[in-house]
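Visitor: Protein chains in written order, with our numbering: chain A, 6 to 398; chain B, 803 to 1010.
None of these hints come from the bench; they were simulated from the model. Incorrect hints may have been included.
[What the hints assert, rightly or not] Partial chain B-side listing against chain A, Cβ under 7 angstroms, derived:
#1 Gly976
#2 Val978
#3 Asn980
#4 Gly981
#5 Leu982
[What the hints assert, rightly or not] Below, in silico cross-link-like pairs of lysine to any residue (SDA-like), each with a Cα-Cα straight-line distance of 25 angstroms or less:
#6 Lys1005(B) with Gly175(A)
#7 Lys1005(B) with Ala127(A)
#8 Lys839(B) with Tyr196(A)
#9 Lys131(A) with Asp1006(B)
#10 Lys132(A) with Ile996(B)
#11 Lys1005(B) with Gln129(A)
#12 Lys1005(B) with Phe174(A)
#13 Lys204(A) with Asn970(B)
#14 Lys132(A) with Val999(B)
#15 Lys132(A) with Cys995(B)
#16 Lys1005(B) with Ile126(A)
#17 Lys131(A) with Arg1001(B)
#18 Lys839(B) with Ala199(A)
#19 Lys131(A) with His1000(B)
#20 Lys132(A) with Ile997(B)
#21 Lys839(B) with Val161(A)
#22 Lys819(B) with Val173(A)
#23 Lys132(A) with Ala994(B)
#24 Lys131(A) with Glu1009(B)
#25 Lys131(A) with Gly178(A)
#26 Lys131(A) with Ile991(B)
#27 Lys204(A) with Asn979(B)
#28 Lys132(A) with Tyr1003(B)
#29 Lys132(A) with Gln1008(B)
#30 Lys131(A) with Ser1002(B)
#31 Lys839(B) with Phe169(A)
#32 Lys204(A) with Phe972(B)
#33 Lys132(A) with Lys1005(B)
#34 Lys131(A) with Trp998(B)
#35 Lys204(A) with Tyr977(B)
#36 Lys132(A) with Asn1004(B)
#37 Lys204(A) with Cys959(B)
#38 Lys204(A) with Ala975(B)
#39 Lys893(B) with Cys831(B)
#40 Lys132(A) with Glu1009(B)
From the three backbone atoms N, C-alpha and C, an ideal C-beta is built for every residue, glycine too.
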Amino acid sequence: MKSLHKFLQRVKPHFQPGGKLSALGSVYEGFESFLFTPATTSARRGAVHVHDSHDSKRAMIIVVLALLPCFLFGMYNTGYQHWKAAGAVEFPFWELMGYGFLAVLLRVVLTYVVGLGIEFIAAQIKKEEIQEGFLVTGLLIPMICPIETPLWMLAVATAFAVIFAKEVFGGTGYNIFNVALVARAFLFFAYPAAMSGDKVFVASGTVCGLGAGADAVTCATPLGAVATGVPVSDLSAWDAFVGLIPGSFGETSVICILIGAAVLLLSGIGSWRIMLSAVVGTLVMGWIAHTFATDLYPGSMLSPVDHLLYGGLAFAIVFMATDPVTACHTPTGKLIYGFLIGVVAVLIRVYNNGYPEGAMLAVLLLNAFASLIDFCVVRGNIARRRARLTSKS
Amino acid sequence: MAEKIKNKTVFFNPFSKNNPVIVQILGICSALSVTAKLEPAIVMGLSVIAVLAFSNVIISLIRNTIPTSIRIIVQLVVVAGLVIIVSELLKAYAYDVSLQLSVFIGLIITNCILMGRLEAFAMANRPWPSFLDGVGNGVGYTIILVIVAFFRELLGCGTLLGFQVVPNCFYQAGYVNNGLMILPPMALIVVACIIWVHRSYNKDLQEN
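With these hints in hand, go ahead and build the complete structure from the sequences.
Guide: Written out as structure tokens, the structure reads:
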């Protein structure tokens, strides 16, 4: 560590304005603040009294930590689904983990290389510091995509999302839509065959010699199965709660999502208002749909709680809806925003048989409305206070 | 001599510096709807060139006799007549394409570029410059349509003008056509990219 720090200090002059490599100044800056806490803080004297190292770097690291249980379980589940599809009767833990790790490793590396590469280039062009925002996005993108998504599609989607959902709006903190979900939406509409159906959610083939040898497995997600007419009673709610069901890499286990939610809530990064109201919205709309269940819409056979257990809605509520950049900012707005995410997600799931999963579209739709909701809440507040003032005088 | 230079700028300005689509942001609707394939985009472009050029000439010829209060109606009647002629010609000689273009040929009447040019140029200029202005703006519109359609058809269908361009070995290696390119939102993003490139070459067009 010491020697690395010394090395960074030694090469620093080259990257300062006027140095040989001054064009790469933001790359150096990014690496230095990523590896070491910046040595400079705001001065003790003067107007700043509250000193806290809670910067965006730390916020991102905590979100990554919160994602870790889901990620580890995703590795296990990838291996488990693969072994299960191959007809195995026993599931060797470390081989399952190893298989899942190797299957996802390349995807994570790829999204980071593509996304960070674009961020670095954009920072050089704009002569700005590199922002930490992609740390979370780069991990989220492989987690919300099926494990069998071809790598080049993942790269194209990541590049599209980073350029058109983030950099053109001004970089980290200025994006209107959740970047990871834009990447998924791009894949969903551009390559529908690779993102839905029953052939993409279970890893096939062997990775580095590991694997049980299942080839091109046909195995639908629970929601996909329901949409094609499988009765709800065939599903196991306990498996869905634990997460041993086919699905996108990181979103299957409700237990791990709850652990992540606890981390986010305890650290104060995720908003409890959004999470709570989204759950309430899901339950309310799920209850309405379940009360008026018809054979025409097989999704309406799911009970309200089932909506939270199956598919990516729970993951979206905890990790996507609470994204502080794209969500509402006013407390009342957060309640409305979360509630509508739950309602719209269930609406799409139940009443559009073509889209068995509505969480992604619901969050993106409400991202677009977030600032409008905030605007209305602020206006309402102003009107209420003015009325109070005029009624007193 | 001065007249000649002016005609030249009238004709060439709409190609880039004063392009109706990417600088004035007119006619976006049709640019989104007919550009999923190259062929309808070209036909649409040619139709707009024809209608724009002749309506400009006709309005320019009668510009001194049109009462100001009803000029929009007069312009619309002229444009509508020309659009019907173009539409009937397409139905007669290029029936398949006219089916693909469906209502959009008819909707040339509502294309903002036409009303814009008639109001801004033909009402105040002689027939020959008006003709050049019409053709120039039509070509400017067509250029953008063709660029957008080129990328959308190439990436969305792997074809150009209906011919297979992306080789089969690509598909066997796992390449898949981008379905999003066929959908209208992607046309908007392609137009935005063209504007992006165009502005970065023409710094004087950049807004603060």
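Visitor: Each hint: holds or not?
Guide: Taking the hints in turn, this is what the structure says about them:
1. Gly976: holds, 6 angstroms
2. Val978: holds, 5 angstroms
3. Asn980: Holds. Min distance 5 angstroms.
4. Gly981: This interface hint holds because 5 angstroms falls under the 7 angstroms limit.
5. Leu982: With a minimum Cβ separation of about 4 angstroms from chain A (threshold 7 angstroms), the hint on Leu982(B) holds.
6. Lys1005(B) with Gly175(A): holds, 19 angstroms
7. Lys1005(B) with Ala127(A): holds, 19 angstroms
8. Lys839(B) with Tyr196(A): Given pair Lys839(B), Tyr196(A) holds - Cα atoms ~19 angstroms apart, limit 25 angstroms.
9. Lys131(A) with Asp1006(B): holds, 19 angstroms
10. Lys132(A) with Ile996(B): Measuring from Cα to Cα gives roughly 24 angstroms; hence the hint holds.
11. Lys1005(B) with Gln129(A): This hinted pair holds, its Cα atoms lying about 20 angstroms apart.
12. Lys1005(B) with Phe174(A): Given pair Lys1005(B), Phe174(A) holds - Cα atoms ~20 angstroms apart, limit 25 angstroms.
13. Lys204(A) with Asn970(B): holds, 23 angstroms
14. Lys132(A) with Val999(B): holds, 20 angstroms
15. Lys132(A) with Cys995(B): Between Lys132(A) and Cys995(B) the Cα gap is close to 22 angstroms, so the pair holds against 25 angstroms.
16. Lys1005(B) with Ile126(A): holds, 21 angstroms
17. Lys131(A) with Arg1001(B): holds, 16 angstroms
18. Lys839(B) with Ala199(A): Holds: Lys839(B) and Ala199(A) sit about 24 angstroms apart, inside 25 angstroms.
19. Lys131(A) with His1000(B): Cα-Cα ~18 angstroms, so holds.
20. Lys132(A) with Ile997(B): holds, 23 angstroms
21. Lys839(B) with Val161(A): holds, 22 angstroms
22. Lys819(B) with Val173(A): holds, 23 angstroms
23. Lys132(A) with Ala994(B): It holds: about 23 angstroms lies between the C-alpha atoms, which stays within 25 angstroms.
24. Lys131(A) with Glu1009(B): Answer holds: Lys131(A) to Glu1009(B) is near 17 angstroms, not above 25 angstroms.
25. Lys131(A) with Gly178(A): Holds, at roughly 16 angstroms.
26. Lys131(A) with Ile991(B): At roughly 22 angstroms apart (the allowed maximum being 25 angstroms), Ile991(B) and Lys131(A) satisfy the hint.
27. Lys204(A) with Asn979(B): Roughly 18 angstroms between the alpha carbons, so the hint for Lys204(A) and Asn979(B) holds.
28. Lys132(A) with Tyr1003(B): holds, 20 angstroms
29. Lys132(A) with Gln1008(B): At roughly 19 angstroms apart (the allowed maximum being 25 angstroms), Gln1008(B) and Lys132(A) satisfy the hint.
30. Lys131(A) with Ser1002(B): holds, 14 angstroms
31. Lys839(B) with Phe169(A): Satisfied, since the Cα-Cα distance of roughly 23 angstroms is no more than 25 angstroms.
32. Lys204(A) with Phe972(B): OK: Lys204(A) and Phe972(B) at ~21 angstroms, within 25 angstroms.
33. Lys132(A) with Lys1005(B): Distance ~19 angstroms between Lys132(A) and Lys1005(B) Cα, so the pair holds.
34. Lys131(A) with Trp998(B): The given pair, whose Cα atoms are some 15 angstroms apart, holds under the 25 angstroms limit.
35. Lys204(A) with Tyr977(B): holds, 17 angstroms
36. Lys132(A) with Asn1004(B): At roughly 21 angstroms apart (the allowed maximum being 25 angstroms), Asn1004(B) and Lys132(A) satisfy the hint.
37. Lys204(A) with Cys959(B): Given pair Lys204(A), Cys959(B) holds - Cα atoms ~23 angstroms apart, limit 25 angstroms.
38. Lys204(A) with Ala975(B): It holds: about 18 angstroms lies between the C-alpha atoms, which stays within 25 angstroms.
39. Lys893(B) with Cys831(B): holds, 22 angstroms
40. Lys132(A) with Glu1009(B): holds, 20 angstroms
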